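Starting from the known structure of chain R, fit chains W, B and F with the ligands onto it as the hints suggest.
From first to last, the protein sequence lines stand for chains R, W, B and F.
Read left to right, the first sequence gives residues 1 to 325 (the numbering used here).
Read left to right, the second sequence gives residues 1 to 325 (the numbering used here).
Read left to right, the third sequence gives residues 1 to 327 (the numbering used here).
Read left to right, the fourth sequence gives residues 1 to 327 (the numbering used here).
Rather than coming from a laboratory, the hints here were simulated on the basis of the structure.
Misleading hints may appear alongside valid ones.
Said to hold, decoys possible - DSSO-like, lysine-lysine: derived pairs with alpha carbons at most 30 Å apart:
| id | chain 1 | residue 1 | chain 2 | residue 2 |
| --- | --- | --- | --- | --- |
| 1 | F | K308 | F | K41 |
| 2 | B | K319 | B | K181 |
| 3 | F | K181 | F | K48 |
| 4 | R | K266 | R | K227 |
| 5 | R | K193 | W | K193 |
| 6 | B | K48 | W | K193 |
| 7 | R | K227 | R | K193 |
| 8 | R | K266 | R | K193 |
| 9 | R | K193 | F | K48 |
| 10 | R | K193 | W | K223 |
| 11 | B | K41 | B | K181 |
| 12 | W | K9 | W | K227 |
| 13 | W | K193 | R | K223 |
| 14 | F | K319 | F | K181 |
| 15 | R | K9 | R | K227 |
| 16 | W | K193 | W | K223 |
| 17 | B | K308 | B | K181 |
| 18 | W | K223 | W | K266 |
| 19 | R | K193 | W | K9 |
| 20 | B | K48 | B | K181 |
| 21 | R | K227 | W | K193 |
In this text the structure is predicted, and so the values were computed from the model without any measurement.
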Amino acid sequence: MNRKADISKDAALAMLRCMLLARRIEERMVRLYHQGQIFGGVYTGIGQEAIGTATTSAAGPDDLFAPCIRDMTVHVGRGTTALTIFRQFLGRVTGPTRGRDGNVHYGEIERGVFSMISHLGAMLPVVTGGVMARRRLGRDTIGFAYIGDGGTSTGDFHEAINFAAVLDVPVIFVVENNQFAYSTPTSYQFRCKNLVERAAGYGIEGFTADGNDAWALRELVSKLAAKMRQQPRPVLLVCETLRMRGHGEHDDASYIPRELLAAWAKRDPIALLRERITQAQFATATELAALEQAVQTEVDESYQQALNDPLPDAATLTEGVYADG
Amino acid sequence: MNRKADISKDAALAMLRCMLLARRIEERMVRLYHQGQIFGGVYTGIGQEAIGTATTSAAGPDDLFAPCIRDMTVHVGRGTTALTIFRQFLGRVTGPTRGRDGNVHYGEIERGVFSMISHLGAMLPVVTGGVMARRRLGRDTIGFAYIGDGGTSTGDFHEAINFAAVLDVPVIFVVENNQFAYSTPTSYQFRCKNLVERAAGYGIEGFTADGNDAWALRELVSKLAAKMRQQPRPVLLVCETLRMRGHGEHDDASYIPRELLAAWAKRDPIALLRERITQAQFATATELAALEQAVQTEVDESYQQALNDPLPDAATLTEGVYADG
Amino acid sequence: MPTAEITFLEAIRQALQRLLRERSEVVLYGQDIGSFGGAFKVTAGLQKEFGAARVFDTPISESAILGSAIGMATQGLRPVVEMQFADFMMTAVHQLLNNASTLHYRTGIAAPMTVRAPCGGGFGGGPFHSEELETFFCHMPGIKVVYPAFPADARALLYSAVMDPNPVVYLENKYLYRHVKEWLPNDWMPTPLGVARVCRPGTDAVVLTYGAMVHEALRAAEQLAAEDVGEVMVLDLRTLKPLDTDAIVAAVAATNRVLIVHEGWHTSGFGAELAAVVAERAFHLLDAPVGRLTAPDCPIPFAPELEKAYRPDAEKIHKALVELLEY
Amino acid sequence: MPTAEITFLEAIRQALQRLLRERSEVVLYGQDIGSFGGAFKVTAGLQKEFGAARVFDTPISESAILGSAIGMATQGLRPVVEMQFADFMMTAVHQLLNNASTLHYRTGIAAPMTVRAPCGGGFGGGPFHSEELETFFCHMPGIKVVYPAFPADARALLYSAVMDPNPVVYLENKYLYRHVKEWLPNDWMPTPLGVARVCRPGTDAVVLTYGAMVHEALRAAEQLAAEDVGEVMVLDLRTLKPLDTDAIVAAVAATNRVLIVHEGWHTSGFGAELAAVVAERAFHLLDAPVGRLTAPDCPIPFAPELEKAYRPDAEKIHKALVELLEY
Ligand SMILES: Cc1ncc(C[n+]2csc(CCOP(=O)(O)OP(=O)(O)O)c2C)c(N)n1
Ligand SMILES: Cc1ncc(C[n+]2csc(CCOP(=O)(O)OP(=O)(O)O)c2C)c(N)n1
Ligand SMILES: [Mg+2]
Ligand SMILES: [Mg+2]
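The shape of chain R in the complex, shown without the other chains (with noise of 0.2 Å):
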């Protein structure tokens, strides 16, 4: 394959070093999981690293973001650190919930990134709300929502979408098709051939992309959203994947055929960027090998720091529930 690559040698080498990040990131989660060493539940995003890395790859500085539980890329994306991911994880006091949270219901406003909740849809019309208020204010906002192939069976998905559309609000709505919710596959969701089909339904415009094609898929967000700053009216953007583990760690996802996984294993993500990256000439192994290696440094170090790091202390519990006036 030889393309024109729109995208530069920094741009290419940041978004495999989200994955990176990411991947290895999870990784430790897992490990720590089945080692009986974390307190509630892990939920990966492994495989799906390109959609957050090529999304967030392509926006601008004062774009907001709603990612969902497998997004770890979008918050790394946005430079959200290890450190701060780890601190999260572990219910520290340091993390960005103060140990209030300790799942994957974080995120640094200040990086333009909301903080998710549970509910499957809830997080569309908040995201949709920030980039109406931004645009008032003046700024040149655009925002990315991102939902799963179930989460778009609520009511909240078609009334999120829908007002943006009215409304004229530049939201980019990411469904990652990940082919199953849960234990069930995308059968027990819908019945359209594919979800993009309900674009038309509310007149805006709708694309499919390779959700494991990170650098085609910048370059297709890249131009989507520079259209959105000039017209603004939202998109849905459907990207195909493949939920490479669990639900959860606690979930075998025996319901997902083996050869399924083993076709998607072959187009993981970030073996793919790397091959690009490769083919560009943008890095030699030896580059790309130190790259992986100051990642691992970096995980490793960062999640012993977040370990040695403060508990939260029950006399604080009831502090904040309330902003002061």
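Only chains W, B and F with the ligands this time, still in chain R's reference frame:
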């Protein structure tokens, strides 16, 4: 126009009677409202009578219906009498809700008609569930669920249609696009050109129809219903019409352009059907006049009779909150 | 100081108008609130004065309305959204309970948003247009709940609600909209949330209440005074969360007999919380059991005969107070 | 009679299995409850035994699930739907409050449906997977609310809930699923809703509670007895609506001191209703103010240090009882 009449003389005249009866009842309610004789509001379907009429006329005896506020012809089409309707609207203890409701929230379930609640969209899954139950119990039921253009913006609209599509429940989701949701034109509710574009996103068939032409609509619905009984799947049916009065009688509808009202007044569904009937030579002018007279008499007598019916006794206030074991 | 006689509804409109004038970050939206002025005409004229960028209509999508308000509120605006009827907020209550109410606690981010919700019955609205849902909102951590009874409070508390850094549910009893008027100064100051008001002094019993029932309680109290049966204090709570428990305890201390009155359902109604607060904090001050006069646990009926029996009013309060004073 | 030691979870599964066997009109549905057996494996094996026509998966559409159950229930089936977590029911609560809860009153049509909702915390579920929402359901007229604490009751009450002609919310405290076991006979009879149970006798105070807190209260009471501080009765309410007020009054009469304990939020929690009932009906029997030991009014925190401080437990109940006994 000279088209093959699939519709029998009896069916055509029954449709005309259905529309006339509903129109006369609603006109009476409007008059009473403006005379200050009504407790609560008055909401009518004047101008939209063809939709409930044609769909019930095309339906089978075991079918289920979830009408909306403008669908008096669904009730009449299923055999609910003028007397029952006046008893309801006048809050009589003899009415279907025994005075517990006195508005459009009624239905005779023995005729297959659910009693709506106000929350737009909330009845769509209810009729879906009713159809599922009856079919499991061996009955050849299909469902008819009605919703306004504004109601399509609710999460429930989406959840219900998608649920029916995934579970293969044969329900006709009838969108009555009367071009306004309270004060707002449809551009405030959706941005697609025609709501029928939503069908593809659910993997179901969609149809549009002239909502004022009962004759043609009945033909279409008969075909759809026959097919759905063979192949149980939901369909989306968008009927174009215009709300000819305010949202309720408290509202003068000043936001509806007068020319629009005038244009649609020329397409009054009763006049259109009368014309069809005359063309088909199903009735003479004298016969039609007699029908009108009979309807008027029924309305007058029913109103008087309902007026004389007892009001609910305050002592019964808390009876029947629970069903008895 | 120039004054005018204004309705409860006009008081709300004046507060919104002043907020829009003084605070560029305030926006209003909801169903039919733009050029139509809303189902009750509370926002009449505001879109014309402030433009469609600040006062606008939305699709019939309660969850999108509440959810977007949360997002806006975190990004520099102060949205004030209208639910056409409080009843319809139940289609989107997860946005309040899970998103808005937990946000500051989890993330330290404030969401200064106000949800205006017309509630209550007494006019033949039937089961879906008359609900009283305050207990739901009061149960949510992180939410404030304001429920005024007089035009002066409606105006002054709405301003404070909108300027509060937290999500506030502001309940507007529809019966009050046009039934209650006051002569008020054209110049006014916001009043703080969380402060109850003794709107009738008394020594023999206290009625703890809010919203439309304040007026019914006042009527009953006046009658009891006229009949020389007793002097009953009426405490208008005004804000249900935070609750002015000190004022409640002081009122019980001054009267030793308590009747709680509200228009919502009995079981787990907000009156239960009030009774519990009294039982915990003022037990030793009581000369009689705490009474609750509420709607019964049944859907709100339409027929006037039934709705009258359903809804507490001055007559029923009078009767309950006579019994309480005789205990 | 053959017996077996079964978990709380297994008890629920047995009730569902028996219902499916004995009642052809019973159907089960929800998210992932089919071949996967549900997020907690409560329905494991049931689709295999009864087929996908009776036990089936649905899209992630809570309103469609609850709404369709209402329609089904009016048309001859007895749906038992599972919410994956009670927390998510809030996305569709209008179906319960407005549709299900008003149906029989308005139309005379019964809707025998049961909503199973796993609730409660204690295992690091955080703010969106640990909620206790019973007070919302108890406030709805026309809804019954069942909340068992023991495997025997879970099994026997679920059967009755499903056979009840009304909509029933059946709350399953997740902490109990695998933590609580009982030796139970393989043969069993359904028990009626609305009857509380004294699960520990006592003369010095009574704890009014339900769900997971019954076990914490029992532990605290045992300790107090061992310490010779007092004999505390524990009343397991089992059904919150209808509430067994006679049993409550009798318990107060026997002990004269009341502590109310629940895992949900304080303000307008179901404990408020219990306190109000005691204050109204048993005021003259009280030797001390009614105490409420509940979660504080804050979102459910994740970190174990915080969640432990958040959630009432035997230790906190012990402390509260010591204070109550000393009053
Ligand atoms: C409204 C709501 N209902 C149910 C759940 C429980 N739940 C959490 S994740 C999940 C499956 C989600 O599937 P999908 O949207 O495809 O996302 P994925 O996990 O595949 O990334 C379910 C049912 C929820 N979080 N929210
Ligand atoms: C969920 C919900 N939100 C708001 C309302 C208030 N409301 C009642 S009718 C109406 C307009 C409905 O418009 P449409 O669906 O087009 O029906 P039409 O009145 O035109 O027949 C609104 C906003 C409601 N009933 N339900
Ligand atoms: Mg998925
Ligand atoms: Mg309309």
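Earlier hints that do not hold, by number:
4 and 19
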